[in-house]
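*Asks:* Position chain G relative to chain A; hints supplied.
Protein chains in written order, with my numbering: chain A, 1 to 512; chain G, 513 to 825.
Quick caveat, the hints were computed from the structure, so don't treat them as lab data.
There is no bait here: all hints are sound.
In silico BS3-like links for lysine-lysine, alpha-carbon gap of 27 Å or less:
# : chain 1 : residue 1 : chain 2 : residue 2
1 : A       : K503      : A       : K276
2 : A       : K122      : G       : K676
3 : A       : K377      : A       : K361
4 : A       : K361      : A       : K444
5 : G       : K676      : A       : K133
6 : A       : K217      : A       : K444
Here chain G is said to cover these stretches of chain A; the calculated rule only asks that three of the stretch's residues, wherever they fall, bring their Cβ under 8 Å from a Cβ of chain G:
# : region
7 : 96–106
8 : 110–124
All of these numbers come straight from a predicted model, not from anything done at the bench.
For glycine and all other residues, C-beta sits at the position ideal for the given N, C-alpha and C.
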Amino acid sequence: MTSAVPSVQMLVITKRFPGVLANDHIDFSANAGEIHALLGENGAGKSTLMNILSGLYHPDQGDIHIHGRRVALRSPRDAISLGIGMVHQHFMLVEPHTVAENVTLGLDEPRFLLNSGQIEQKIAALSEKYGLKVDPEARIWQLSVGEQQRVEIIKMLYRNADILILDEPTAVLTPQEARELFATLKRMAAEGHTIIFITHKLDEVMAISDRITVLRKGRVVSTVFTSATSKQELARMMVGREVFFQVTKSPWRGGQAVLRVEAARALSDKGLPALKGVSFAVHEGEILGVAGVAGNGQRELAEAITGLRPLTSGEVYLCDRRITNQNPRQILDQKVSHIPEDRLGMGLIPNLSLSDNLILKGYFAPPLGRGPFLDQKAIDAHCRELISRFEVMAPGPDSSVKLLSGGNLQRLLLAREISCCPRLMVAVHPTRGLDVGATEAVHKMLLEQREEGAAILLISEDLDELLSLSDRVAVLYEGEIMGIVPAQGAQVEEIGLMMAGTKRARPAEVAA
Amino acid sequence: MQDTLILILLILAGAIRAGTPLLFATLGEIFAERAGVLNLGVEGMMIMGALSGFMVTVRTGNAWTGLLAAILVGGSIGLIHAVLSITLRANQVVSGLALTIFGTGLSSFLGQKLVGVPAPDTFRVVRIPVLGELPVLGPLVFQHDILVYLSFLLAPLAWFLMFKTRPGLHLRAVGESPATADAMGVSVVGLRYLYVFLGGMLAGLGGAYISLALTPGWADGMTAGRGWIAIALVIFATWSPARAMVGAYLFGGVEAAQFRIQGTGTQVPSFFLNMTPYIFTIIVLVIATQETVRRRIGAPAALGLPYEREERG
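Isolated chain A (complex conformation) (with noise of 0.2 Å):
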């Protein structure tokens, strides 16, 4: 498949941010035909690396050739024009424009008047031979995130691009949809497009790769056939260390019910309904899985038993108290921990100290406060005795959050929800974006609270994760429990129906 000259040439490239050294003089090619997986961690600079190949960044140093050619790419209009074309993680659409008038933004054609007709043609054609499934009619915002990623897909297709970038293209599908992307991405590639495919999911680079390079730390690792590697190897590349996949957990000892929700229902921000009737129950000592592709509830769940979104209606229960509709701070005080989706807008403020985001759980009361006053010698030894016990790296207690890692920021954000011994725990994404170590320690603190016997709620995109260490899965579908199976010998297909909306043909068994 290879042919002589390779499509895609970057030599020493290096890229300095303020701070971070993201590209330290990295050297990577790609062959016309064949399926190139950039492989690493959240960080290592694969996106960097590769929106300096679409023209988007600058490198600081280093030459790209593209067909042999050496090249400036100055702009992402360069880069169009020799035909790379990226497909962002976040997705780069117009969300008012329709499809078509997205699929010919910034082209020259046509020149001024905007002629709908022949465009949806062409666009037609495209989806009919690459099996992309899109109507150029609809408005972006109507469209799921499968038909978006389709709609940027074709976005390069009409422009003719032969190196088709895709950053952490799957992050948003369910696996069957990735089964189509793939699909389709292996068709192209053997037409003759050079597909570079963005991950740090190791299924996924044995699936669908012909060779991979490994970046750590903003430099290469290496680049292997496919053929020629293990899983396992690829992670010590990734990681610079062995990684054990398995999580090993105790069987659930069974418990109480500790969180109970009945027929909840919510609005969305928008004022849709985002909430149509959730019933489950969280028990002593489990960890409840709630599976779904992005943007099907989970969020508002998360918010409505954590009060900070109200139900319209249906009721929620801890330890059969009900607790609906209260205000945050009185369900907090009821021992109930939340780790928010967004660990510096929710959970902590970037601006104050360590031990002043700390304490915002419990200044109020003693030992920490008293009356207006904040005791500031029980607040220091608090929260040393937190630092250490957590193990986050920071100068010291005084020092600003926004100063932390992303694993140091969660460490922070754990250490203060588990300090109030929780009996239930809200989990949203709890390792999204943090490094392989930093989510092998939250996974251990987790499970170390289910040890303890508190119920846990952990809202994930990570199926594996959530295979890993939940007791039981739910999978949300527009607002809606498809289905509840236990994690253990649960089948990935069967899950991966039910986040594309298939309702479990049994109904859940919800043990008492």
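*Replies:* Just chain G now, kept in the frame of chain A:
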């Protein structure tokens, strides 16, 4: 009976005249906001346009040169706003407010000697042959000055440009999602500069209409908050040039009616009547905002946000 009809016709024709400066400024602001730049300097640009238009006309004796000067002055102030808010990424609200205060103050200072000077040349009514003789429609639509006819053409043209052409698609994309436009090779900075400049030129043109056609002459503060009404009209018009026409004439109508009612010697104090356009602004904003929320046709998503490409995260 005949008298009432004539009065209504007069008010309606007056509405179109009084609405014309609003229409120019509103169209300009729609262009800028569609590109994602909030320009609160419209009032300053209008009054500087009014002053420079009149000043140059007094010097040259030709209203067209005055008009050209007003357009250039408005555009230049627009460019100041562009440099501040696009290149330097200053807060757009502060930059716009500063330019309004600046324009108001500067025009007052420079215009001191022009107060009471008669206009040597103005834009006079050009009765269009045949059409101008039509009953009702003639005096209403076809007996105006040339700038009114220009505005008749400009609004549909702006609408067509915005929604039916490729430059319009690019304009809307830059205001809705600059990152997308940028990734597709559309120059965000270039287009924002262009449309803020255009917005400034149209505001200047609107200002000159006041001092050269609507009420020829110069008086301190003669734009009387029309720039602010234009900004409110943008919301009322839901960023559409077609609806801007409706809004501008509606407000022009309020102004013309208030003028006429004062002429009839009514008992209502003139202070109250002078207030009506602004009260009307508040009422319209309340209603229009509710409607935009309900129909989910909000402001351009990136309105007021500076764009920077190499932002990490």
